[in-house]
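Enquirer: Work out the full structure, taking the sequences as your base and the hints as a guide.
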Amino acid sequence: MRVLLFGIAKDIAGKPVITVDGVNTVAELKSYLYKTYPRLEQLRSLMIAVNKTYAGDGQVLQASDEVAVIPPVSGG
Amino acid sequence: MRVLLFGIAKDIAGKPVITVDGVNTVAELKSYLYKTYPRLEQLRSLMIAVNKTYAGDGQVLQASDEVAVIPPVSGG
Amino acid sequence: MNKLVRIDTHITVQQALDFVEAPDCGGVVIFSGNVRNVTQQKKVTKLFFECYEPMALLEMEKIANHTIEKMGVKRIAILHITGEKLPGETVVVIAVAAPHRAAAFDACEYAIDTLKETVPIWKKEYFEDGEVWVAAHP
Amino acid sequence: MNKLVRIDTHITVQQALDFVEAPDCGGVVIFSGNVRNVTQQKKVTKLFFECYEPMALLEMEKIANHTIEKMGVKRIAILHITGEKLPGETVVVIAVAAPHRAAAFDACEYAIDTLKETVPIWKKEYFEDGEVWVAAHP
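Residue numbers (my numbering), protein chains in the order written: chain A, 30 to 105; chain B, 30 to 105; chain C, 4 to 141; chain D, 4 to 141.
None of these hints come from the bench; they were simulated from the model. None of the values given here were measured: they were computed from a predicted structure. Watch out, some of these pointers could steer you wrong.
Unchecked claim - Quick list of in silico lysine-lysine cross-link-like pairs, DSS-like style, CA-CA up to 27 Å:
| no. | chain 1 | residue 1 | chain 2 | residue 2 |
| --- | --- | --- | --- | --- |
| 1 | C | Lys-6 | B | Lys-64 |
| 2 | C | Lys-45 | B | Lys-81 |
| 3 | B | Lys-39 | C | Lys-119 |
| 4 | B | Lys-59 | C | Lys-127 |
| 5 | C | Lys-88 | D | Lys-65 |
| 6 | A | Lys-81 | D | Lys-73 |
| 7 | B | Lys-44 | C | Lys-77 |
| 8 | B | Lys-81 | C | Lys-119 |
| 9 | D | Lys-77 | A | Lys-44 |
| 10 | D | Lys-127 | C | Lys-119 |
| 11 | D | Lys-6 | A | Lys-81 |
| 12 | B | Lys-39 | C | Lys-77 |
| 13 | C | Lys-46 | B | Lys-81 |
| 14 | A | Lys-64 | D | Lys-73 |
| 15 | D | Lys-6 | A | Lys-39 |
| 16 | C | Lys-77 | D | Lys-88 |
| 17 | D | Lys-119 | A | Lys-39 |
| 18 | D | Lys-6 | C | Lys-46 |
| 19 | D | Lys-73 | A | Lys-44 |
| 20 | D | Lys-119 | A | Lys-81 |
| 21 | A | Lys-39 | D | Lys-65 |
| 22 | A | Lys-81 | D | Lys-45 |
| 23 | C | Lys-77 | D | Lys-77 |
| 24 | C | Lys-77 | D | Lys-73 |
| 25 | D | Lys-65 | C | Lys-45 |
| 26 | D | Lys-127 | A | Lys-44 |
| 27 | B | Lys-39 | C | Lys-6 |
| 28 | D | Lys-88 | A | Lys-44 |
| 29 | B | Lys-59 | C | Lys-119 |
Said to hold, decoys possible - Computed spacing ranges between beta-carbons, pair by pair:
| no. | chain 1 | residue 1 | chain 2 | residue 2 | range |
| --- | --- | --- | --- | --- | --- |
| 30 | D | Lys-46 | A | Gly-85 | 52 to 60 Å |
| 31 | D | Gly-75 | C | His-103 | 19 to 27 Å |
| 32 | C | Glu-87 | D | Gln-44 | 27 to 35 Å |
| 33 | D | Pro-102 | C | Glu-120 | 14 to 22 Å |
Even glycine gets a Cβ: it sits at the ideal position worked out from N, Cα and C.
Expert: This is how it looks when you write it as structure tokens:
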């Protein structure tokens, strides 16, 4: 599964897109991200968007989903 | 004493400036105005400004004052 | 100068914005009031504004001072037109710059609310079948 | 169309105003956010904004819909820039037209407050001695 990264999350991962396999839910994806990129745990918040909508931890992920890592937003 | 009139007060008096003598306070000026132009009593409010500032009924008027009749304002 | 009050035959949002914008304030809030084409189900053909100009400018300045001294505003512009206007045209613009945007919103709303209560300006609405001084009667 | 949401490299207050102004609404409230030259006592040299653009547009549209469906707004424009900006430049503009000005003030403030909480846009501040993603850490 392709996962998009933005802002400081992109800087921490060192790239704008990563490939993640073997995760079935948002919660599992977050665990994978924290294990792989521990600095993500220091952020004020970390949200996951699925198909351009904020997703709760329980949401099931499909291979075809557009998944994105959303660090704390700071627009405006 | 010259008294300036604006908006509907000017229309009711039929002129933009009137001369009023023998009034010593704002209250006396208002009485004179209501007697001379009874339609002024039908307005939602009637304020008097003395030297470009709203004045209370008790304020004493001097011949040199700039006196104005302020019907309900409706700017903006 | 941190305040601009002006009565003129033509005003624009851009004038007010240009006056208040500066790199030390992150947020600007603007109110722009326009002539409506319908009021109380009647078609408005034009509006006429009369001002007691020297007093109106003083009252506008009082409003500006209050927002700067008591409401956390850095710069404010209050512009009002005088004379005739057609539906859609701008009759009042208030722009407020403040370091905190909540203060800018509060001050801009205070300024337009107070202007409508205290500033000696009178609006006459023209309809197809007559004319009326707005808010004159109960 | 009663709403305009746009992410672009350059935006102006006038664009937003032109979209929302119409003779059926007496009042327009605008918020304009600009790059400050100082933040937390440090001189800002420039800002960089990154957007997750398709999702950001959807979130901006949700905000616009809420103001129209629930807050008495007739028309709303929400514009945000992407890319680099210098101090003093405009990064966000929200313009709201409503029949009642209190509703326009409330909706405009709601829109900018919500945009800052939900729209996936990230701001990096550049100082003379470094750079930081704003609000990333507690």
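Enquirer: Would you mind confirming whether the straight-line C-alpha gap from D:Lys-127 to A:Lys-44 stays at or under 27 Å?
Expert: Since the Cα atoms of D:Lys-127 and A:Lys-44 sit roughly 17 Å apart, the hinted pair holds (cutoff 27 Å).
Enquirer: Would the hint linking D:Lys-119 and A:Lys-39 be met if the CA-CA limit is 27 Å?
Expert: 20 Å, holds
Enquirer: Per the hint of 27 to 35 Å, is the separation of the Cβ atoms of C:Glu-87 and D:Gln-44 within bounds?
Expert: With Cβ atoms ~51 Å apart, the hint is violated.
Enquirer: Please work out if B:Lys-44 and C:Lys-77 have their alpha carbons no farther apart than 27 Å.
Expert: The hint is violated at about 42 Å.
Enquirer: Is B:Lys-59 close enough to C:Lys-119, meaning Cα to Cα at most 27 Å?
Expert: 23 Å, holds
Enquirer: Does C:Lys-45 pair with B:Lys-81 here, judged by a C-alpha cut-off of 27 Å?
Expert: At roughly 35 Å apart (the allowed maximum being 27 Å), B:Lys-81 and C:Lys-45 break the hint.
Enquirer: Hinted pair, alpha-carbon criterion (27 Å max): D:Lys-77, A:Lys-44. Please report holds or violated.
Expert: Violated, at roughly 42 Å.
Enquirer: Is it true that the CA of C:Lys-77 sits at most 27 Å from the CA of D:Lys-88?
Expert: Holds, at roughly 23 Å.
Enquirer: Please work out if D:Lys-6 and C:Lys-46 have their alpha carbons no farther apart than 27 Å.
Expert: Measuring from Cα to Cα gives roughly 26 Å; hence the hint holds.
Enquirer: B:Lys-39 and C:Lys-119: Cα distance at most 27 Å?
Expert: Judged against 27 Å, a Cα distance of about 20 Å means the pair holds.
Enquirer: Do the alpha carbons of A:Lys-81 and D:Lys-45 lie within 27 Å of each other, as the hint requires?
Expert: Cα-Cα ~35 Å, so violated.
Enquirer: Given the proposed pairing of B:Lys-81 with C:Lys-119, does the C-alpha separation stay at or below 27 Å?
Expert: Given pair B:Lys-81, C:Lys-119 holds - Cα atoms ~17 Å apart, limit 27 Å.
In this structure, the earlier hints numbered 1, 2, 5, 7, 9, 10, 12, 13, 14, 15, 19, 22, 23, 24, 25, 27, 30, 32 are contradicted, and the remaining ones agree with it.
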